[in-house]
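Taken in sequence, the protein lines are chains A and B.
The numbering of the first sequence is my numbering, which starts it at 84 and goes up by one.
The numbering of the second sequence is my numbering, which starts it at 84 and goes up by one.
Just so you know, not all the hints are guaranteed correct.
[Claimed, not checked] Pulled a few chain A residues facing chain B out of the computed Cβ check, cut under 7 Å: (1) V179; (2) T205; (3) C210; (4) N221.
[To be verified] Calculated cross-link-like contacts (lysine-lysine; reagent style BS3-like; alpha-carbon spacing at most 25 Å): (5) A:K97 to B:K181; (6) B:K97 to A:K234; (7) B:K238 to A:K97; (8) A:K135 to B:K234; (9) B:K234 to B:K181.
Hints in this document: simulated from the structure, not taken from any laboratory.
Glycine included, every Cβ here is placed at the ideal spot set by N, Cα and C.
Protein chains: 2
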Amino acid sequence: MTDNTSNSPAFSFKNNENANQGQTFDIDSVFQSLKYNEQGLIPAIAQQYDTKEVLMMAWMNAASLRETVDKGRVCYFSRSRQSLWRKGETSGQVQVLKELRMDCDGDTLLVLVDQTGPACHTGRRNCFYLAVNQDGINNITVTDAPLIDPKELYKK
Amino acid sequence: MTDNTSNSPAFSFKNNENANQGQTFDIDSVFQSLKYNEQGLIPAIAQQYDTKEVLMMAWMNAASLRETVDKGRVCYFSRSRQSLWRKGETSGQVQVLKELRMDCDGDTLLVLVDQTGPACHTGRRNCFYLAVNQDGINNITVTDAPLIDPKELYKK
């Protein structure tokens, strides 16, 4: 685990925008320069690594990010419970980390994962099942059915 | 344009979690129930509709969301400029809307787009070019080179 007393020199996202492909930087320097919001959180988009399906978006704090990288298992920070949220801890629907990416200004994470079963607490594979499409912009359509009854997911 | 005085009955994300595939809801009811943060903003993930590449994440307010759906061209809200940000207005790198999705609890948007050229202001196709992977977790690697010099993008 890395704490905030790291002696790594700070990384500047701005000054490294023209870094060459293949160039590397120290992880602690980069992580300590991430831009967390006022609650100490950063948004994390979870994408299934092979199909590229966007599964969900949740939030991480510095501790959950560090745990995710160290253990290779995705851990978020639950805003409702105000505690670490080890994805799949209750439901068994874990996310194995394949790759973690940061955006150009260091305020968003993209986690490439291998998702077991449904990512969504409704039992659907992904959380984005309410859609407006260009064929009928006056309606929102439910695009997906649950893979499993959510009662089955959380009864353990 | 829809304003906040809409008379549509409020939609409950929670109460409709078990809605059937193909079921539809009135767009105004759903939009007025979206959960914006204290700044009146909601995160919007942009994904290239055919390749499924995650391009960027930015923020929308109610007005930019409405404009995006009405015009079929993605408009964000710029937190730094505190104004509507019609993506590609300066650079020409527009995002044509293909489909807009909302997540299960109505606090995140997924916009499926057709992106012209680079989505990232650094000239890269997407913003997520800084990666930690499981082969070498002590380093962050730059994974992509710019498609175009950013000076070329913004000189117009």
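Status of each hint after checking the structure:
1. V179: Since the shortest Cβ distance to chain B is 10 Å, the answer is violated.
2. T205: 5 Å, holds
3. C210: 4 Å, holds
4. N221: Interface hint status for N221 of chain A: holds (5 Å vs cutoff 7 Å).
5. A:K97 to B:K181: Violated. K97 of chain A to K181 of chain B sits at ~31 Å, over the 25 Å cutoff.
6. B:K97 to A:K234: At roughly 15 Å apart (the allowed maximum being 25 Å), K234 of chain A and K97 of chain B satisfy the hint.
7. B:K238 to A:K97: 19 Å, holds
8. A:K135 to B:K234: 31 Å, violated
9. B:K234 to B:K181: Roughly 29 Å separates the two Cα atoms, so the pair is violated.
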